[in-house]
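Q: Between the sequences and the hints, there should be enough to build the whole structure, so can you do that?
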Amino acid sequence: MGVGIEVTNLNAWYGTNHTLQDITLNIPANHATALIGPSGCGKSTFVRCLNRMHETNPIARVTGTVRIGDMDIYNDAQPVEIRRRVGMVFQRPNPFPTMSIYDNVASGLKLNGYKNKRSLDEIVERSLKNSALWDEVKDDLKSKSGASLSGGQQQRLCIARALAVDPEVLLMDEPASALDPVSTSKIEDLIFQLKSQYTIVIVTHNMQQAARVAEKTGFFLNGRMVEFDSTHKIFTNPSDKRTEDYITGRFG
Amino acid sequence: MATNATSFRSKYRATMDHVVTGLAVLATALVVVPLIAIFVYLLLKGASSVNLDFFLKNPVPEGESGGGMANAIVGSGVLLGIASLIGIPIGIGAGIYLAEFGRGTRLANAVRFTADVLNGVPSIVMGLAAYSLIVIPQRHFSALSGGVALGIMMIPTVARTSEEMLLMVPNMIREAALGLGLSNWRAVLSITVRTASPGIITGCMLAFARVAGETAPLIFTALGNAFFSTNPNQPIEALPLQIWVYATGPYEDQHRLAWAGALVLIVLIVLAVSLVRYVTSRGVLKGAS
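In order, the protein sequences belong to chains A and B. Just so you know, my numbering puts 146 at position 146 of the first sequence, and the rest follows in order with no gaps. Just so you know, my numbering puts 234 at position 234 of the second sequence, and the rest follows in order with no gaps.
Hints in this document: simulated from the structure, not taken from any laboratory. A couple of the hints might just be wrong.
Not close to chain A: a few residues of chain B, all C-beta gaps over 12 angstroms, as computed [unchecked claim]:
| # | residue |
| --- | --- |
| 1 | Y12 |
| 2 | P34 |
| 3 | F39 |
| 4 | V60 |
| 5 | N119 |
| 6 | Y131 |
| 7 | M172 |
| 8 | E175 |
| 9 | S190 |
| 10 | T195 |
| 11 | G213 |
| 12 | Q234 |
| 13 | A247 |
| 14 | Y278 |
Example chain A residues on the side facing chain B (calculated, C-beta under 8 angstroms, incomplete) [unchecked claim]:
| # | residue |
| --- | --- |
| 15 | F90 |
| 16 | N112 |
| 17 | M207 |
We treat Cβ as the ideally placed atom computed from N, Cα and C, and that holds for glycine.
A: Listed below in structure tokens is the structure:
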């Protein structure tokens, strides 16, 4: 089951560049939340702060608190532990090229020392079914490399890989921006199904996509969160002038 | 007027295209021709002396005919085994440090600089280093000291190619690994190194093939041995050493054996490299890049 995320006064820097300023918001459990905004507004940095990926860059720094469920991720836990509870799907599909489809999905568990082969088979099958890829790859699980799939299939493979470690939250950083329209709609259908089991945070450039998949939407601009509300309200009756300008296409 | 200029330009472009393609073909030929010439010459001079005795018998005393290089073939194997045990793990380890853990640190820059300098040190100096480090304290020549000299020579090549290959792994692969909750060392060893492994193996093979033909570092270390030996603590024969001794000797029989030895050395290196390539490529999956 998914858990909610409470972010309080989150600030982030790259070197001296203050990329996120005083972000406070509550992301509801078992819903999809979309983050929109022009390039460089800090939305990607924001999701990378939710699983402590931001700090893997040596010049990056973070202050503030993020609670995921009952865990204060910057004070109570190690990054490794958090990332097992908070899965991430990246903008470009990034399957491990030297591994088979099966090993890609199993990698998170196998490399963390999970040994039970039978249940590993089950988890791989379930994860691939959950990411709507099973029927396309079930005959080549161990004979084909993850890199041999098409772009859209690779991205669903990456989703399966993230799901296999059984996270509570799934972060998606523009998961469909490198894909064609058919693959994109498959990913969107998938998000729709997955949000009953996981809390999903999706960064997107595509406002229609946010409107289609998310219940809540946040609008970021220049490192600040301008507005956070139900998706319907953001797209029909935003309270802030800048949000309205952005969604009506006056800039960005 | 305009048509003339256009047709002149397109002719010029077509000609330049042919010229540049021709130069590339010429360069390729210049790379391949010496290799083929050497190999053909070795075949002509040496093939007639390569027989079963060559692989099974030890050298006979000077002046007698017959005999083989069994001791040198096995000796080269022992020396290269010791060298690989030293050079490959240290080299790959240093490459991993340079690319993954020490990126941008002063220590890494110092290590990289040292490796590049080490790569340019004449091989005979490596032999002298192993001589003073191992032979003098032990008071005798040994296969071990020869292996160490060759092993040290392998380190910079293995380290720098490993580093380059690891740096070619896209950062998004590292992020994918960390995003799954793998610890940093796990992600490096099981994901990044594995992704770069075909290139790293090529680097190891390059280093191996290079030291397999080295003579100078063995003169003060392995010394040579007329008898069959596999003992790392005793002097040992090696193919390049034996070739050198025979080729500079006065006897016609020895010259023939030297040619045969050179031929066998090249063929064995090609076989060893091909074998490693075959074994490591068997596990590669369809569509893996």
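Q: None of the hints should be skipped; say for each whether it holds.
A: The hints, checked one at a time:
no. : hint : verdict
1   : Y12  : holds, 41 angstroms
2   : P34  : holds, 35 angstroms
3   : F39  : holds, 34 angstroms
4   : V60  : holds, 51 angstroms
5   : N119 : holds, 28 angstroms
6   : Y131 : holds, 42 angstroms
7   : M172 : violated, 4 angstroms
8   : E175 : violated, 6 angstroms
9   : S190 : violated, 5 angstroms
10  : T195 : violated, 5 angstroms
11  : G213 : holds, 32 angstroms
12  : Q234 : holds, 42 angstroms
13  : A247 : holds, 45 angstroms
14  : Y278 : holds, 17 angstroms
15  : F90  : holds, 6 angstroms
16  : N112 : holds, 7 angstroms
17  : M207 : violated, 25 angstroms
The structure does not agree with the numbered hints 7, 8, 9, 10, 17 stated previously, though it agrees with the rest.
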